[in-house]
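In order, the protein sequence lines correspond to chains A and B. According to our numbering, the residues represented by the first sequence are 5 to 133, in order. According to our numbering, the residues represented by the second sequence are 5 to 133, in order.
It is worth saying that the hints were derived from the structure and are not from the lab. You may find that some hints are simply not true.
One-sided excerpt, in silico: chain A residues whose CB lies under 8 Å from chain B [what the hints assert, rightly or not]:
#1 Glu-67
#2 Leu-97
#3 Phe-100
#4 Arg-109
For each residue, glycine too, the CB sits at the ideal point set by N, CA and C.
Protein chains: 2
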Amino acid sequence: MKKVQKNNEADTVCAVDYAFQRIGGKHKGRVIYHLRGGVKRYGELRRSLTGITPKMLTQVLRELEQDELITRHVYLEVPPRVEYQLTDTGRELLPFIILLSEWGRKQMGMPSLYACQPELSSLVIETRE
Amino acid sequence: MKKVQKNNEADTVCAVDYAFQRIGGKHKGRVIYHLRGGVKRYGELRRSLTGITPKMLTQVLRELEQDELITRHVYLEVPPRVEYQLTDTGRELLPFIILLSEWGRKQMGMPSLYACQPELSSLVIETRE
DNA sequence: CTGTATCCTATGAGATACTG
DNA sequence: CAGTATCTCATAGGATACAG
Numbered sequence: 005m006k007k008v009q010k011n012n013e014a015d016t017v018c019a020v021d022y023a024f025q026r027i028g029g030k031h032k033g034r035v036i037y038h039l040r041g042g043v044k045r046y047g048e049l050r051r052s053l054t055g056i057t058p059k060m061l062t063q064v065l066r067e068l069e070q071d072e073l074i075t076r077h078v079y080l081e082v083p084p085r086v087e088y089q090l091t092d093t094g095r096e097l098l099p100f101i102i103l104l105s106e107w108g109r110k111q112m113g114m115p116s117l118y119a120c121q122p123e124l125s126s127l128v129i130e131t132r133e
Numbered sequence: 005m006k007k008v009q010k011n012n013e014a015d016t017v018c019a020v021d022y023a024f025q026r027i028g029g030k031h032k033g034r035v036i037y038h039l040r041g042g043v044k045r046y047g048e049l050r051r052s053l054t055g056i057t058p059k060m061l062t063q064v065l066r067e068l069e070q071d072e073l074i075t076r077h078v079y080l081e082v083p084p085r086v087e088y089q090l091t092d093t094g095r096e097l098l099p100f101i102i103l104l105s106e107w108g109r110k111q112m113g114m115p116s117l118y119a120c121q122p123e124l125s126s127l128v129i130e131t132r133e
């Protein structure tokens, strides 16, 4: 529902602003980060993203979907299964998210996760974050 | 004033979350981006960051200063002069902000600014953003 | 020139309960 | 399992005016 561009005046659009509107907010970055390894189900995400309420998770996923950063695939089964994964556009954000995460880890005095492993997508890391 | 860590429970801190808290918000990314070229004065920033109110600019600058991402240097002159610049920690965020900006430009259908120039810090780019 | 001081409002986001 | 539906609240952020 959020307008990507809501600068009211003839205000020049800034790329940094634009990008932050698409990945800003409290949870979007984390969702993208947690989808770095490939497909994940709703419940998996809910468990990974500690502290998120189902309402917020759904909302964030819908926004990311509308922005074409993730795809949503519904399987008509019982019990239902819904899978999310990054689009190509979304995947282009990964280096940035990972860089940010690395910076954050460093600032927090935590060890880097990737320093020695150039291949990221194949890693399955369960540090609960 | 903002607590860097305000997760109430024994909630595990996430590096991505942490980072977003430090550079999130509507203007922080832009401020960092605009300081990429070195020292800037308050008025310069105000003119660069179209649409920002003095209150918000001051607030953002103070938060970034507290977070040790920028420094503030006051010259006791008349008229007063105050200069801001990135700290080393802040500068470490530049690759990431620039990556984000490039992504945003691409998404917006704008040409890349940096594709052919590995040296960024020396560039003086006046695209008003 | 470099900010403060007020006032005000939209909305991001949490808590809780319920559903196909 | 994968979500909706309400209700509520704090606060990020804007407008405007003033100040050293």
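> Honestly, which of those hints from before does the structure not fit?
Replying inline: Going through the list in order, the structure violates hint 1 alone and respects the others.
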